[in-house]
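We have chain A already, so just place chain B on it with the hints.
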Amino acid sequence: MSHQPFETWMFTKETLTSEQSHALTEHLNSCETCQQVESAWLEIHQQLKRVPAITPNPGFSLRWQDRLAERRHERQRRRAWVMFAFTLSGALMMLALLALRAIEMLSSPGRIVLIIAYQILNLIWLVKEVQTSLNSFIKIAISLIPWPAWFGLIGVFILVAVLWFIVVTKITHPRRIEL
Amino acid sequence: MNEKDPELIRQVLEGDVQAFTKLVEKYQEPVYHMCYRMLGDAAEAEDAAQETFLRAFQNIRRYDRQRPFSTWILSIAAHYCIDQVRRRRIHYLSYNDVPHLDPPDRSPGPEGNLVLKEEQFRVQKLLAALDPRDRAALVMLYWYDLSYEEIAGVLSMSVSTVKSRLFRAKRELAELWMKSSLQTSAGERSYHESPAF
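Taken in sequence, the protein lines are chains A and B.
The first sequence begins at 1 in the numbering used here and counts up one residue at a time.
The second sequence begins at 1 in the numbering used here and counts up one residue at a time.
Pulled out of the complex, with its shape left as it was, chain B reads as follows:
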């Protein structure tokens, strides 16, 4: 946890809303990213991230100061998004849903951006097929570098459950990837084939 967090939290507990705004500024990116990976829609992710911070603010007295604030806030975001996904169940991802990207330097020019956007779309489509809890565990493993123990803490489950969920998620992703690759190559074949007369 950042050294400033305990001080900011102390100020929030004394009724300083501005101190919490500083925490919002600091953690907006990881929380928003988690919400986007879970929900796959920029507007819904914004809404979920805002709601996460509101809930955190309301429940700040329940926050255990022994835990890092980052994992606590991610835990709220993950649980909220899991509930949202369960409520909605079906979501059709559109290419236009891929939000504003902050690409690293390796992808110069509009072509690089397009490739990146396509990759985002493909990854998001794959993630959307997973069970929300499996998805949350995978997102934490890949984008937040959390350990199995930390993921277990965030998702309120045992370490062995985290491991089995991650295994299931990875296997499912591999199967989906193989299926989509087969479909793509079949589509390409039929596109390039000359029509039969």
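Extracted from the complex, chain A is given alone in its bound form:
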């Protein structure tokens, strides 16, 4: 014997039409299996309606405040440890570099002075070269790039600026409250 659609209707009585309700009642009168399911469901339905809401032990909000404070403390401690580890490793690296330099300088101080002077001169020369190349590049670019393309370039520049602004806003105004 087919129990459909009656089996479905038994659990969705609130949506049935009067004809469907009538058909369901007739089926239930003739089908023992469905009768058993129906009476089982009715018993559970009554129990679900009867059992009251459960309340937490008194002092729930105080415990919540404690937990929030504990979580904040934990996070601050973790942050402090991370900062300490970064600072310590940075300081150790600097110390190692300084130690290496100190050893070199102590062995041949004259050579070190010459190298520094040479590096400074090199840097000045590099800056001048870059300046000259940039000037010539701009002159060529102005003559080669058609004026509509400049709009594109400006657009890209604006887009990058907007993205930068969004990123800065996201960082300064996080969606999550920091614990």
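Watch out, some of these pointers could steer you wrong.
Pulled a few chain B residues facing chain A out of the computed Cβ check, cut under 10 Å [stated by the list, open to error]:
| hint | residue |
| --- | --- |
| 1 | Arg10 |
| 2 | Leu13 |
| 3 | Val24 |
| 4 | Tyr32 |
| 5 | Phe57 |
| 6 | Ile76 |
| 7 | Leu114 |
| 8 | Leu116 |
| 9 | Trp143 |
| 10 | Phe167 |
| 11 | Trp177 |
Since the hints were made in silico from the structure, they are not lab data.
Virtual Cβ for every residue (Gly too), placed ideally from N, Cα, C.
Quick look at chain B alone, frame taken from chain A:
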């Protein structure tokens, strides 16, 4: 939503933790009850309810003020509990797990309390057999009087999915009830029968 909620939320957004504590005081019972029905253990329910409020506090800026705060907080609790149930999968419910009850006046005396506790135990045992999402939908329907649309919103699913999940849950509960009734009556029969010599 209660008229005071938007004002409290505004204060929380301005950094007032005490305002959020007021929200905790107000919604602790429905959230705890949801967690208990989902997890079936008083200590785990307390932990889950506390975690729910912490998550709500952290994510209060994401809260859509067009929605009632009650359904938002229930949504966080339901999703958290569903995750917990999936992680743990098997939980053996003990009679001692049934927590502090606030029975209505209809059950006077210790006998009434005992009956109530047994009913709680039986209901909880039945609920524990359901899929966590089906369980959450059923809990919302019976204890929070939420509509299908509201349940769908809380559980992030369509209304038709809610309906089919509720149908499945009800049918499963009826089958479990029939099985447990058969076992109980068989047990009682063997208890009262005289031993065969």
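Hint check:
no.	hint	in the structure
1	Arg10	14 Å, violated
2	Leu13	9 Å, holds
3	Val24	5 Å, holds
4	Tyr32	4 Å, holds
5	Phe57	6 Å, holds
6	Ile76	13 Å, violated
7	Leu114	14 Å, violated
8	Leu116	7 Å, holds
9	Trp143	6 Å, holds
10	Phe167	5 Å, holds
11	Trp177	4 Å, holds
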